[in-house]
Amino acid sequence: MSDVTSLDIRVPIGGTFGVLGLMLAVYGAVARPQTSAGININLWWGIVMLVFGIALFAFGWSATRSRGP
Amino acid sequence: MDPTPITRLAGIDYAVMVVYFAVVLGIGFWLTRKMRTSSDFFLSGRSLPAWVTGLAFLSANLGAQEVIGMGASGAKYGIATSHFYWVGAIPAMVFVGLFMMPFYYGSRARSVPEYLKLRFDEKTRTFNAVSFAVMTVFSSGISMYAMGKLFHLLLGWSFDVSVLVSAVIVLGYVTLGGLTSAIYNEVLQFFLIVFGFAPLVFLGMQSVGGWSGLTARLATAATERSLPADAYTSAWRNMGDAAANPIGVEWFGLVAGLGFVLSFGYWCTDFLVVQRAMAADSMNAARRTPLIAAFPKMLFPFLVILPGMIALALTTGGGAGVIPAKLAADGAPLMDAAGRMVLDYDLATPMLLVKLFPAGMLGLGLTALLASFMAGMAGNVTAFNTVWTYDIYQSHIRPGASDQHYLNVGRVTTVGGVLLSIAAAYVAGSFNNIMDLLQLVFAFVNAPLFATFALGMFWKRTTGNGAFAGLVAGTLGAAVHHGLTLPRGAVAGVKGGYLGLVHTYPSELAQTFWTAIIAWSVCFAVTIVVSLFTRPRAEVELEGLVYSLTPKPVDERLGFLRRPVPLAVLILTLTVVLNFIFV
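Going down the list, the sequences are from chains H and A. Take any residue in the first sequence, note its place counting from 1, add 150, and you have its number in our numbering. Take any residue in the second sequence, note its place counting from 1, add 210, and you have its number in our numbering.
Keep in mind that the hints are not guaranteed to be accurate.
[To be verified] What the simulated footprint calls covered on chain A by chain H, stretch by stretch (three residues with Cβ under 8 Å from a Cβ of chain H suffice, anywhere in the stretch; the number is not a length):
#, segment
1, 346-353
2, 392-403
3, 409-420
4, 493-505
5, 743-753
Hints were generated in silico from the structure; no laboratory data involved. Where a beta carbon is used, it is the ideal one built from N, C-alpha and C, also for glycine.
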């Protein structure tokens, strides 16, 4: 039962958001799609998601490590 | 002939979706090894931390009807839709956490029907288990149908393929990883909804000119519909008179019907959400599960209702609006009696996504929608397989088999549940009235339930016969009330009035709320009367099941935010503040 919790769910979710954020930010920087409001939302929101993903991943990873043997 | 799709996706949009699908299935595969006992599969081995079960508690309910439906209601009723949250859900979530979780979690019941068995008797449990099982299959079918239809319209995807692919993915991750897999994916879905919809609201608010621009545009929309100018942007000011607010309900029907009966009935007794709290790793975590969920829930009106209001604002004042008209059978726009176009409100949120998001972000927004559809389906399937396996199969078909046997039955049931949901999706597509009728019947069955639980948990004199008689009488009471009333402008049939016409309500919601109030009151009264005439169970048998016979949970030594009571006070204070801000 203890190993059900052994991998912290923050690790895969943080990883997912990191990857998605990176994809959107790179796409925004390269393809530059604009919204009607004139904002490159892909770039900016991608960066926000990337930062959130890395933070979540880091928290999850350190929690997993400290719980380990 | 197929209509041309509204938009096309770029490679980046598909890439975002593929990443999501890969993660969802990856989580399922990674959890397979951990599913050793039926308790692992159905209850996550009661091992999850409170924040995980809290977010899952919130997300399990965040299916199609929430994201699309709340956007539609936002466009139809304006900010008053937030009553579903600030009057309805939040107080009920606080109640279930503080007062009911000690019995659900403490009694070690594995499902809500099983609690009814422990507290009352087998017939009450079976009544609840069967109606719940049928209901979950149909709600997951309706969710699938809505998804297939939406993605066909937006992107031209084949209905059959979208239904099948989403069903196979849900089947995959639930069969592999059980409840834990569903819960982990619900947590992922929660973050996807937040990250997919926050920028939508941001861009939307910018395009209508902020809150003041939104208020001005919606004032025009309200005046056009002969409502007071602030009808869409104030939640309470027009609630004194049913004719002056877009919901068409006066305040008492709203607070008693929606706030008390329907919301308490749903959040406190529906196994779909309660199951998430039962998976928590301790009593304290189980009690905090709905409380932790209440914080984001409080703010969700801004994520799911505002897009609908923005879409309506952008549709007002001529030009090509965001919300398209509903089409009649011949393809022409539908007109109402006053000669105005009838809008297809269900498309408010999806069309706003398509209009405001460029490629890339559109992929993210649609992935968030897909995630909510699939998590809604998975939530129903996990609740269904637990109730089927424990409350129907183990108690009536084959008691006393090995745990391994029930684990396997659970896996097989998942397949069966998904197949039944697919069938229900096609039923929904071909017989719309049958689905309306079924939902109505479930409303009748559900509305009295909270009276049964409240009496069972807080009055030790309540008997099994009393509870059962109350449930049946409450359901009948709801059907009779519905059969004798109609919403204004409707004809007798599935909308009511099939037993004659005694009263006409100003709106369908008003009729629904009053049906619930009647059902609850009848169940409450009949349960008390019958209980007084039947023999109660001995008090020793009721320890841990009834409030006055259960030791109170002690958590004074924990930190402030780890204690349920201070959390609850904080939540209720913030909710009152929100009501005042948008009064």
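Taking the hints in turn, this is what the structure says about them:
1. 346-353: That given contact is violated, which follows from only 0 residues of the segment 346-353 of chain A lying within Cβ reach (below 8 Å) of chain H.
2. 392-403: Satisfied; 4 residues make the cut.
3. 409-420: holds (count 4)
4. 493-505: Answer violated; 0 residues pass the 8 Å Cβ test.
5. 743-753: With 0 residues in contact (Cβ-Cβ under 8 Å with chain H), the coverage given for the segment 743-753 of chain A is violated.
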